[in-house]
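Student: Just add 206 to the spot in the sequence shown (first one is 1) and you have our numbering.
Be aware that one or more of the hints could be misleading.
Think about it this way: if two alpha-carbon atoms lie no more than 27 Å apart in a straight line, the pair counts; the simulated BS3-like pairs of lysine-lysine are [what the hints assert, rightly or not]:
| hint | residue 1 | residue 2 |
| --- | --- | --- |
| 1 | 292 | 313 |
| 2 | 292 | 278 |
| 3 | 278 | 335 |
| 4 | 313 | 286 |
| 5 | 313 | 335 |
| 6 | 278 | 313 |
If you're looking for bench data, these hints aren't it; they were derived computationally from the structure.
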Amino acid sequence: MTKGTPVGGPEEAEILEALEAGRSVRDVAEEFQRATGTISNVAARNGLDLERSATKKAAIAKSCYASEARIKLVGEGLDKVATLLKTCDNARDLQALAMASAIWIDKRRLEESTDPTARGGEIRILFEKMGQEEVGT
Numbered sequence: 207m208t209k210g211t212p213v214g215g216p217e218e219a220e221i222l223e224a225l226e227a228g229r230s231v232r233d234v235a236e237e238f239q240r241a242t243g244t245i246s247n248v249a250a251r252n253g254l255d256l257e258r259s260a261t262k263k264a265a266i267a268k269s270c271y272a273s274e275a276r277i278k279l280v281g282e283g284l285d286k287v288a289t290l291l292k293t294c295d296n297a298r299d300l301q302a303l304a305m306a307s308a309i310w311i312d313k314r315r316l317e318e319s320t321d322p323t324a325r326g327g328e329i330r331i332l333f334e335k336m337g338q339e340e341v342g343t
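With these hints in hand, go ahead and build the complete structure from the sequences.
Tutor: Encoded structure:
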């Protein structure tokens, strides 16, 4: 049963101390007879990041380091556009293929650009930052 009263200053400090020690929200909630949402709100109010989800971290890491697969997919898309272009015989299809080609080319440029002063490489830079943040946590 939860207390149902506002969290006071001393109790809030104890809750933060327990969370900073690495205890789970559920464990802290049980100890202080508070709802898990209350404990999460205390953490958020004090700027404490509780994101410890191994699944979420794994998904971020996978997206950061799967650039070879993404570049391969872009290459396959460009190959398909090139194949379809050979059989294109009307303006509407040509327009669609031109648009698809432009998108694939732009995505490839964003993935592999290494010049930070040029427009491009934004995705690579974002993934590098995410990877650095992941290592820091």
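Student: Could you grab the alpha-carbon distance between residue 278 and residue 335 and see if it respects the 27 Å cut-off?
Tutor: holds, 22 Å
Student: Hey, residue 313 versus residue 286, does the alpha-carbon distance stay inside 27 Å?
Tutor: holds, 15 Å
Student: Can the restraint linking residue 292 and residue 278 be considered satisfied, given a maximum Cα separation of 27 Å?
Tutor: holds, 22 Å
Student: Please work out if residue 292 and residue 313 have their alpha carbons no farther apart than 27 Å.
Tutor: Within the cut-off at roughly 22 Å; holds.
Student: Taking only the CA atoms, is the gap from residue 313 to residue 335 under or equal to 27 Å?
Tutor: Distance of about 19 Å is within 27 Å: holds.
Student: Given the hinted pair residue 278 and residue 313, is their Cα-Cα distance within 27 Å?
Tutor: OK: residue 278 and residue 313 at ~11 Å, within 27 Å.
Of the numbered hints listed earlier, not one is contradicted by the structure.
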